[in-house]
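A.B. asks: Let's have the full structure, built from the sequences with the hints guiding it.
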Amino acid sequence: MRSINHTGLFSGTGLIIAGLTATLVALIFPIWSYADRSGTGLDTLSAQTVSTKFGPLSALDREFVTKVRLAGLWELPAGQQAQDKGTTQAVHTAGEHLVEGHTFLDARVRNVAARLGLELPNQPNPQQRQWLATLNSAQGETYDRDFANILRQAHGKVFSVVAQVRAGTRNSLVRDLADDANTTVLDHIKVLEATGLVDFDALARDAATSGPPPLTSSPAPPGPKASPNSPIPVTPSPTYTLPPAASSPRPSEKN
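Going by full-length UniProt numbering, 60 is the number at position 60 of the sequence shown; the sequence numbering is gapless.
No lab work stands behind these hints, which were simulated from the structure alone.
Nothing here was measured: the structure is a model prediction, and the numbers come from that model.
Errors might be hidden in some of the hints.
No more than 30 angstroms apart at the CA atoms, straight line, and that leaves these computed lysine-lysine pairs for DSSO-like [unchecked claim]:
1) Lys53 to Lys85
2) Lys190 to Lys85
3) Lys85 to Lys157
C.D. replies: Next up, the structure:
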């Protein structure tokens, strides 16, 4: 009878088991390493979220508050300018809505920032100043078209940010601010489109080719900060007497 080489049998079996184990680890490791590695969405959320009495305040929440303030810093003077330089009643009306809406929103965002201890900017960012420079130099029908398209494109980008924040925020003040911003931005989109000057093909191309919007540096976590001043227009603008904002909440509806 032929003897069995047990050492070789066990050695061969061990190699097979080792190979199967290595294959299983190779399949599992990418999933494990991606789920638990540093820098994933949940890690970032946890690391940059701070506690407040109104609920957790994330970096995205703080960025949103900053963007609401920045929007008013250039869109309010742009709306005032449209009432002077626009050549059609529809452009004048859009300008009135911008002034009314951002006067209301700016008061809201400054109140929210003060209650959360967040510092806000007092000047538009470089891109917003460039948009204002374009509008300052345009005249006549060119101005009307530039106004409608620059403002409509900017509002479309903000609209998606508002929706993202409203869907995921855990902070009650930010949630209420997102509600007000959603109403205001949608109103502005509609009146800009009502000018009949918006190039929807250009908007679609921009949406299809542009990457994610650049992040605005989130303000530091809450601390003892004074409420910022009213917006400082880049260029002097006339003062308008405004009616109460149509979307202004009743005192009993806000904290």
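A.B. asks: Are Lys190 and Lys85 close enough, with their CA atoms no more than 30 angstroms apart?
C.D. replies: holds, 20 angstroms
A.B. asks: Checking one constraint from the list: CA of Lys85 to CA of Lys157, max 30 angstroms. Satisfied?
C.D. replies: holds, 25 angstroms
A.B. asks: Taken at face value, is the distance from the CA of Lys85 to the CA of Lys53 at most 30 angstroms?
C.D. replies: violated, 46 angstroms
Hint 1 from the earlier list is the only one contradicted by this structure; the remaining hints agree with it.
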